[in-house]
Amino acid sequence: MSYKDLEEKMNQEKIAIRYNVVAEGAAMKAEDYPEVKEILPEEEPFRTISLEILYEDKINALKDVKKALDEGISPIEIINNGLMKGIDAVSTLYTKGVYFLPDLMLAGDAMMESVKECESVLGRKSDTKGTVVCFVAEGDPHDIGKNLILMFLRAGGYEAIDLGRDVPAAKVVEAVKEYDPIFMTGTALMTTTMTAFSKVVDALEQEGLEVPAIGCGGGAVRKDYVESMPMTVYGVEAYHTPKLADAILNDNKNWEDLRKEYSDVVGEFVSEYAS
Amino acid sequence: MKRFTKMEYESPDEMCFGFAKHPVKTRNGLEVGAGYVNPIIKVAPKEGSENSKESMVSECRNIAISACQRAVNIGLPSFILEQEHIAQQTANPDWAGECTQAQVEVLEHFQDEYGIKTALKATPADIRDEEKGSTYRTSEQYQNVMESIEQCCENGASIICIETTGGKSVSDYGISRGDPRALLFGIGVLGSIDMEFMWTEIVKICDKHNVIPGGDTNCSQSNTAMFLAGGLLDKDCSHTFAAIARGIGAANSLVAVECGAKGPLKDCGYENPIVKAISGVPIATEGKNAVCAHSDLMGNLIAGICDCWSNESVYHREEMGGTTPEVWLQATGFEAALMNTSIETGKHKDLRDLYTLTDKYRDPQALILAYDNAYRIGEAIVEYGDDPYRRSIAAALEVCNIITEAVEAKKMQLTRFEQDSLESAMRSFKKLPDDSAKFIKRANRRYGRKVEDFDPKNYELN
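As they're listed, the protein sequences go chains A and B. No gaps in the numbering here: position 54 of the first sequence is 54 in my numbering, and each next residue is one more. Count along the second sequence starting at 1, add 275, and that's the number in my numbering.
Honestly, the hints are just simulated from the structure, not real lab data. A virtual CB, placed ideally from N, CA and C, is assigned to each residue, including glycine. Hints may contain errors.
Said to hold, decoys possible - Calculated pairs, EDC-like style, for lysine to aspartate or glutamate (alpha carbon to alpha carbon, straight line, at most 20 Å):
(1) B/Lys622 - A/Glu7
(2) B/Lys725 - A/Glu113
(3) B/Lys686 - A/Glu8
(4) B/Lys713 - B/Asp662
(5) B/Lys321 - A/Asp224
Unchecked claim - Residues of chain B clear of chain A, computed beta-carbon distances all greater than 10 Å:
(6) Lys296
(7) Arg336
(8) Asn337
(9) Ile340
(10) Gln344
(11) Gly390
(12) Asn430
(13) Glu471
(14) Asp482
(15) Gly535
(16) Val566
(17) Lys635
(18) Tyr636
(19) Asp661
(20) Lys705
(21) Asn719
Given only the sequences and the hints, what does the whole structure look like? Please build it.
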């Protein structure tokens, strides 16, 4: 039988089903999701600005932020009541599976540019929930995971310090001294670069430094390896990062707590932590 | 450099696993693409082994011994050991040389004792760092990559491969933001410029030592899209966008062959069926026996026209069935045995079709790599073969056409996100200028501003 005939003969549903298509509900405007309605402000110009972030419209967001600043509206109010509400809605839709990574990144770009505009009027960095330091393991050039984490943290209201790729332990130690972060993240793609995490922990201990937790994750990073040293917690998804930071900030959790309560903290079933 | 402007195969049906238009033979007599599929085993050194040269050499030797013992124990006629070097091995070329020597000694010992045909494929790491002002083409890292290749050749490697990373900063930007122009520029233009530069040098080194210049892969770019695309329910990258990245990736990986790579091309190059259709060189692929490393949606289909079948990579550790070199070589070895049995019994085209149909409509990324569609994308590429930019657009548009036709025929279902990103990419590609210089000028300006690490000087673009 020819290839074409074989193909025609097959009942595709007995072979593979695209469950993503099956599970897709009716199309809905982003602002109409009940979770988003709860987040978005009613008052103008904050509503318009938050919607522009929600719809990833950097040009108009910047334009309206500048206009609001010109009208004398406080930059802090614009950030907290407009920009952060918009990005909060974006994160909610991403977690719900309605929005995708490009939505998050483009909305994040729009938010960051607009925040910069506000900060230029404010004359200083805006207040954040806390500082988190992010690095890619020494010897590892893969940084897309770290970049996702940065975006999620910033969307979650944190100051995220980007130490870049291929970061030696000494540089991480310096960053801890400089920023006194509430949380750190380290990412690696390769088995042989994840050993940099233990070097970071050793270097911190030698200097008598401690952070509540270092979230370690990425491609080939194993939970059993991460848990073979103190101070670390195995991170599964980039979008879990702000939730872990919130648990540290709001509930005084540390790495030992996070290892025990990871699924509860991130609010979903995580197979790596199933027992 | 010879650009491909016509297909080496007359028709898609001419292609099958185990057969390449241009087979290669190693100095130890192992043939690839000559009517036989060779299994590949690849194992990542365990953590801690990078602490010293001695421990790394010992680790590599142990991997080779385990693989050889299992190969003999299950009666494999041949296999290829691939060692993908970690950064420390390439940063210290003497490590690369001594690890290669240790593994070659083991392989030759088993070949002498049992007659099993073996070959070592050595793959130094591309440790260059793409940053502004990083002297991508002259840095110490670049010198170490080339010196490591030289060391591998001098110490007995049969085949040299590499995964070059040119253009990755821009394509990463494009993949994470769904920007088709960044994808085209990062993979099709920058990746191709860099691959030509690297492979011109690599082929010279291999020729000097009579070692087979194997090939490259678009792993650092298209596989980034594929991994982010993930499974059906994942939400980081549209699967149609990842399929487009793969099509452009084929136009890119072809450059290594145009520079003189002879195959087998790297296993993680899922675009390899397209490159084989164009060039006739043997390819390695990976799918269902690479689940130890990652998940894909084409585990059977991607075996359809392979010449080597690989496990991609696995930690060096114990499993219930033995050490990972033993376990995963057994997996790839038995799959290759099935393919070889079908060849011996004349049923190979049936098996090829069954492999293909298993996954063809599982996902758009699989659909475009079905051998008939891979051939179509190859035809689109060779029509503009002389121009890496225009052939990349042609590949991308043909990917879009194939998916659209399957949707219209109600054979492929897409989500709104997949359909939207497909249509948006098509519109973007259709608006692009025909003149590559015009596109490059605009893209240099745009991504030089948006992508922190991108420096046109690294590609001699200004």
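Hints and how they fare:
1. B/Lys622 - A/Glu7: 17 Å, holds
2. B/Lys725 - A/Glu113: Answer holds: B/Lys725 to A/Glu113 is near 12 Å, not above 20 Å.
3. B/Lys686 - A/Glu8: Judged against 20 Å, a Cα distance of about 10 Å means the pair holds.
4. B/Lys713 - B/Asp662: The given pair, whose Cα atoms are some 13 Å apart, holds under the 20 Å limit.
5. B/Lys321 - A/Asp224: 13 Å, holds
6. Lys296: 20 Å, holds
7. Arg336: Given that every Cβ of chain A is farther than 10 Å from that of B/Arg336, nearest at about 17 Å, it holds.
8. Asn337: 15 Å, holds
9. Ile340: 20 Å, holds
10. Gln344: 23 Å, holds
11. Gly390: At about 34 Å from chain A, B/Gly390 clears the 10 Å cut-off, so the statement holds.
12. Asn430: 21 Å, holds
13. Glu471: Since the minimum Cβ distance to chain A is about 21 Å, B/Glu471 lies beyond 10 Å and the statement holds.
14. Asp482: 29 Å, holds
15. Gly535: Holds, since 27 Å exceeds 10 Å.
16. Val566: 14 Å, holds
17. Lys635: Label violated. Min Cβ-Cβ 7 Å, cutoff 10 Å.
18. Tyr636: Incorrect as stated: the minimum Cβ-Cβ distance to chain A is 5 Å, not above 10 Å.
19. Asp661: Since the minimum Cβ distance to chain A is about 32 Å, B/Asp661 lies beyond 10 Å and the statement holds.
20. Lys705: 20 Å, holds
21. Asn719: The claim stands: B/Asn719 keeps its Cβ more than 10 Å from every Cβ of chain A (closest is about 20 Å).
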